[in-house]
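All chains, please: the whole structure from these sequences, using the hints.
Residue numbers (the numbering used here), protein chains in the order written: chain A, 246 to 515; chain B, 246 to 515; chain C, 246 to 515; chain D, 246 to 515; chain E, 246 to 515; chain F, 246 to 515.
Note that these hints are calculated values from the structure, not bench results.
Here the structure is a predicted model, which is why all the values come from computation and not from measurement.
Don't be surprised by glycine CBs; every beta carbon is placed ideally from N, CA and C.
Be aware that a few hints might be false.
[What the hints assert, rightly or not] Just a sample of chain A residues kept apart from chain F, beta carbon distances all over 12 Å, derived:
#, residue
1, S256
2, R258
3, V278
4, E287
5, P475
[Said to hold, decoys possible] A short list of chain B residues far from chain C (calculated; beta carbon distances all over 10 Å):
#, residue
6, R268
7, G311
8, P312
9, S383
10, H398
11, A407
12, A434
13, T479
[What the hints assert, rightly or not] Partial list, derived from the structure: chain D residues whose beta carbon lies under 7 Å from chain C:
#, residue
14, M246
15, G274
16, V278
17, L297
18, A299
19, V300
20, G325
21, E327
22, E331
23, E477
Protein chains: 6
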Amino acid sequence: MRILLVNVNTSERVTRALADEARAAARPGTEVVALTPRFGPESVEGNFESYLSAVAVMDRVATYDGPYDAVVQAGFGEHGREGLQELCPVPVVDITEAAAQLACLVGGEYSVVTSLRRTVPQIRARLRQAGLDTRCASVRASGLAVLELERDHGAALRAIAAQAERAVEEDGADSIVLGCAGMAGLSEAVREATGVPVVDGVAAGVALAESLVGLGLSTGRRGAFAPPLPKEITHWPLSPALEGAAHGPSRPAAADAADGLTASCPARTR
Amino acid sequence: MRILLVNVNTSERVTRALADEARAAARPGTEVVALTPRFGPESVEGNFESYLSAVAVMDRVATYDGPYDAVVQAGFGEHGREGLQELCPVPVVDITEAAAQLACLVGGEYSVVTSLRRTVPQIRARLRQAGLDTRCASVRASGLAVLELERDHGAALRAIAAQAERAVEEDGADSIVLGCAGMAGLSEAVREATGVPVVDGVAAGVALAESLVGLGLSTGRRGAFAPPLPKEITHWPLSPALEGAAHGPSRPAAADAADGLTASCPARTR
Amino acid sequence: MRILLVNVNTSERVTRALADEARAAARPGTEVVALTPRFGPESVEGNFESYLSAVAVMDRVATYDGPYDAVVQAGFGEHGREGLQELCPVPVVDITEAAAQLACLVGGEYSVVTSLRRTVPQIRARLRQAGLDTRCASVRASGLAVLELERDHGAALRAIAAQAERAVEEDGADSIVLGCAGMAGLSEAVREATGVPVVDGVAAGVALAESLVGLGLSTGRRGAFAPPLPKEITHWPLSPALEGAAHGPSRPAAADAADGLTASCPARTR
Amino acid sequence: MRILLVNVNTSERVTRALADEARAAARPGTEVVALTPRFGPESVEGNFESYLSAVAVMDRVATYDGPYDAVVQAGFGEHGREGLQELCPVPVVDITEAAAQLACLVGGEYSVVTSLRRTVPQIRARLRQAGLDTRCASVRASGLAVLELERDHGAALRAIAAQAERAVEEDGADSIVLGCAGMAGLSEAVREATGVPVVDGVAAGVALAESLVGLGLSTGRRGAFAPPLPKEITHWPLSPALEGAAHGPSRPAAADAADGLTASCPARTR
Amino acid sequence: MRILLVNVNTSERVTRALADEARAAARPGTEVVALTPRFGPESVEGNFESYLSAVAVMDRVATYDGPYDAVVQAGFGEHGREGLQELCPVPVVDITEAAAQLACLVGGEYSVVTSLRRTVPQIRARLRQAGLDTRCASVRASGLAVLELERDHGAALRAIAAQAERAVEEDGADSIVLGCAGMAGLSEAVREATGVPVVDGVAAGVALAESLVGLGLSTGRRGAFAPPLPKEITHWPLSPALEGAAHGPSRPAAADAADGLTASCPARTR
Amino acid sequence: MRILLVNVNTSERVTRALADEARAAARPGTEVVALTPRFGPESVEGNFESYLSAVAVMDRVATYDGPYDAVVQAGFGEHGREGLQELCPVPVVDITEAAAQLACLVGGEYSVVTSLRRTVPQIRARLRQAGLDTRCASVRASGLAVLELERDHGAALRAIAAQAERAVEEDGADSIVLGCAGMAGLSEAVREATGVPVVDGVAAGVALAESLVGLGLSTGRRGAFAPPLPKEITHWPLSPALEGAAHGPSRPAAADAADGLTASCPARTR
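Here it is as structure tokens:
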């Protein structure tokens, strides 16, 4: 099967790291296609950036022109999953929910360790919206920004392990969720430092996407996530016009879609 | 004071109706500037459209180049308010929360009557996120789409009043919130039909924005809604590039901002 | 419009301070009539006093004999708002709810700083009952009694600012609510000390009462807050008989009402 | 032991019925003293009446001049229990909580059947405040007013049993709580009609008061229900002045207390 | 009346201590029969042991061959109460719920002090399941195992009183629940040390069982706790076969039941 | 990898059906070993049976003498998962939680359709305990007992599909969870009848167990699910003694463990 793994920021370096993590977790036979949004912030830390990123992720998936079987949104605590679910006829997995679910399976309560303190309320809101907050013991910040985490794994490890240990001792956490896609690759080291299970969102997201595809399950289309109604959507998808303006003439294929009446999302017929 | 009232869809007709409602509710001395997003759907019914609209609203406010004292986001149950709060140094009021708050002041529990059934889960999620769900007796759908509501006020009134009456009788609602900006202008008629208070979101949003400005209150900047950190944001704001691609050379003033390192939002110094 | 601002304790000095705060917050054209209950405690700190005060407030409003457009109950975390709503055909605003609502509009979570620790559980109960607890980060006590707060503003400011700063740093509050009517006049100083928005209940209550009146909204009468049924109520209202006993013959006008069959509340027809 | 059973309305007929129910439930050796408030409504249906009644109940207990071991507040869903707890150094039991607790012990979920629909929100609020709402399947109204229930037991039984059966069948109730003190005496008949346990509040309240006294447990005085602070309370207790005004010279003993500095409540030293 | 008090562990010494506590709390005329399970752990600290103990308790009651009027399950925070309720036609009281209920009656919030930290999540889960968590301020561990608590009352008292004081000061508890049956006998000393009400589960359980029997209330049989359906249950009850294997021929009376088609529980007809 | 799939009832026919379902869902390379408890009820419908079954499942796993990588507990809404987690050093997945998690991934809210009405409260309690109730729209009963469901798939399908359709239309469910292990094999037919995703617990449980093993995640051992402490456990495991009594001399290997001091669970070292 082919899984689209969509980074939420525009850093190609982060996209490559996410792809490595995803491929290490994937089963044999799973192809991971890692995508970077065509616009938006280089890192996502806050609501404005998260909303912009959500649309950039939807745009990136909507303009992907091959078949695929599932989508994994690789940003922790970010907006947008519900929109992707409406657009795509295949399963969509947000790494926030994937990680929290697996953490619940291996413990009573879990704590999230994330990047900056400013992202804590947003993560808590996202978990509450997903109905996964009841067993969340705490959300703690390491104090390092997303790009710092990604650049200095040693410092990242120390900061994360310190907060993870406090989560276990003070907050009663039985397991730890790494609350930032930029922490990919650190789960084993944090597990060794704390002695509790540590869940990485990208690995969890890939595993759950594989499970859904394997079981023939996809988003229900009768209710909350029905496909968008046909209607006029000015400039959608956005990237062809944006890139046309920035880099010269827009690509012909994309230009056709720029004023399309409906949002649609090519996917492998299942 | 000057309030930016931002429609969430691209229908100029809806923008004009919202402006009429807002001006009827505003105090003497309040100037209402009604804005229409430069991209996005002609009506917002679902999560994909709501996320796209959220960014279009932020883009519209970010490219408005005069001073203003408050922003009212005029879409019911839509995404984006938290992002606008980070961008703007002035108060931002979402009509969803404004309406639910006033409904709580005039009754024990309130019900929302909205457009299509597919928007019900999104409205419930938004109210839950805002901590306003405890006193929400129900969210009911009239069965009419946003543009239908706006086009045929007679049919809209009958459908809304019928659901409002059931909300009072069956769900125990003490008051009704009109759950769609396209219902602007119907509150008095629904009140007469049901005998309970009926809250229109646009009027409520304007009144609360005026109150916040009057009391010198604005969004706290130390915590959840701190301004975005300085960073590279590709193509932000989006509309200059989008419109440049579609309509010819982008406007000079906007072009300067197109690859700016930080998101910022001009507002009247207070 | 005329707003009745009812102090919950019998201290005329507090009533005058509340009136000053309310008038500073009111729009041009709003007349604030400040009332002091005719019986009850000189300060309200605890449930017994709060219940007694609730009835004294209702008695004071029921025996006010001019027209008015709204009532603001100026005690933080006190009982009685629902009773007033049944009695009065005009909007009734409790400063507890008013302040918490505005705090929600300018931040993600808010903390309350109140007087004595013994009032904390009562305030939390009141916020929970009003459905406003979800976004309450904490309720903290300054350790000063109501009358101490009112007498020494310097000491009050230091104690409140210290707790407010801890609420922001330790509890994640984005804004502060002054949780005692006796703190009127301190909001600006606490805002300067902490850098976060500070909401004063009296100002908030007046602003919301003005908004409700301006929008033509008042308490729903079909459900939870329907007017009292006609029935025998011994000695209601209480103050004519009480004052007659204490000070000589009861006032003729009041005496007529002393054994009335129904509770009623004169208000301006709207 | 001596238990003060305080009716919340001024109907002596109701007081006598409550006393009969209480005495039937009491153990040998328990003396039930039934008290009627000296002011307030003849029946309590709504918040205004409930607040007034709460103070009348406190006044009645505060002016009772013999020793006693516990107080049972015999109004379902009414205000005031927390105030009584501050005033009295002996256990105070509200029949609402007593009945809901025993119902939880004999089933998974319980439903309340009360008098008029207008009292439903107040009962739900009271149960929520007491933390007893989680297992409340529903609160249903019989449609009969308090005094109607008390006057026509046949009609009361039919109306209550019909709602009780629907609570079991439709709402999943395992047991029924009679949600009005005026239903005293009907529990056995409703149990026969429905086949589920039926809890009468007065009987439950007496039993729990006996248990608390028997185990030497009384209200904690360090926290939420600490005794009132010494302070000036105008006209407290209220009844001596009220009765003095209405009926002639106030009773000497009571007059002494009319302007007392502190609220106190004589009780048997334990 | 006769109450079966069932220890959850196999320590006869603990059973005797529980019986002493129960008899001290019981009214005149109440006979307490203390039972020890025929299999299972010598102390219960954790979920595996708690589940095993739950079945051992049900087995012990099912093989008790005299009449009885109520059952008290004397393990704090343990599994099994719902199963016993299905088996027995008489009231079943779990000391966890009994203690938490009485604690709610004498304070606003209560804290539990238990044995080891590992039992804290299980107790919290049990309280949440019983709908008694809303008013639980905290669950604290003394750090002493069940058998240590039972063996050294001096050390137990010091450890419990220290946590109880912190619960009052730091967590806002108004009362303390002793969260381990092995703490029987310490309630008075902890109350003296802290000045707040202290509830012992065994005493509370006996008192509530007496109240239910006295009021003629027993588990509802139409819903959640209907008697088991007739069906093949291999080896039930378990103890006759277990003891037969271990100690020789099983007792004749028990052998008859060993492969019975239905679970039943002899009890006094009421 | 080898997964132990443990039926919760003693019906070998059900065990075979579960094994078929599990093997159809498993990936290549996964070996499913299906186990039947050695004692307990032939079907599990109610709390008594569920508790007994929980211990029988733990006994069955504790006496399994080969290596294995994960355990799936194949009873919907049953007790015991936490105990198994303490006993086993490998992942333990309860099909209730597995199914609800996958249902959350493919929709906003899910409904459960189960066997008899009497099991509804138990399932709701289990979902609440697992923190998975927030997104549960309803739990509906088909009215057929476990063994009826397993015997007549045609009748089962009709009854389940009817309730599923009502869950979608009336309760707003976006997906359906089959709430009884005896429904194995019906998911595709119910999906066709309703057009919404249908999750079978056994398939979900196997998939999640495979994911956990694949990602190297297992139950955290520092907190809520630490291994049992060493202590005397009379007759544990139970089955050797039970079978010795019933069928002759117990098996030698098992006899050694019959009075062991600690509970342990052989598993493949990972």
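Any Cβ of chain C at or closer than 10 Å to T479 of chain B, or is the non-interface label fine? 28 Å, holds
If I take the minimum Cβ distance from P312 of chain B to any residue of chain C, is it greater than 10 Å? Since the minimum Cβ distance to chain C is about 20 Å, P312 of chain B lies beyond 10 Å and the statement holds.
Verify the interface restraint on V278 of chain D: the C-beta must sit less than 7 Å from at least one C-beta of chain C. This interface hint is violated because 21 Å lies over the 7 Å limit.
Hint check, V300 of chain D versus chain C [nearest Cβ-Cβ separation less than 7 Å]: 5 Å, holds
Least C-beta distance from R258 of chain A to chain F larger than 12 Å: 24 Å, holds
Compute the least Cβ-Cβ separation between A434 of chain B and chain C, then decide whether it is above 10 Å. About 13 Å separates A434 of chain B from the closest Cβ of chain C, which puts it past 10 Å; holds.
Decide, holds or violated, for the assertion that all CB atoms of chain F are farther than 12 Å from the CB of S256 of chain A. At about 25 Å from chain F, S256 of chain A clears the 12 Å cut-off, so the statement holds.
Hint check: 7 Å Cβ-Cβ cutoff, E327 of chain D to chain C: Result: holds, 4 Å to nearest chain C Cβ.
For H398 of chain B, which was marked as not at the interface, is the minimum beta-carbon distance to chain C over 10 Å? The claim stands: H398 of chain B keeps its Cβ more than 10 Å from every Cβ of chain C (closest is about 19 Å).
Hold the hint about M246 of chain D up to the distance rule: shortest CB distance to chain C must be less than 7 Å. 24 Å, violated
Interface-negative label, R268 of chain B against chain C, beta-carbon threshold 10 Å: With a cut-off of 10 Å, R268 of chain B remains clear of chain C, as the shortest Cβ separation is near 13 Å.
Beyond 12 Å from every Cβ of chain F: is that where the Cβ of V278 of chain A lies? 20 Å, holds
Of the numbered hints stated above, those contradicted by the structure are hints 14, 15 and 16, listed in ascending order.
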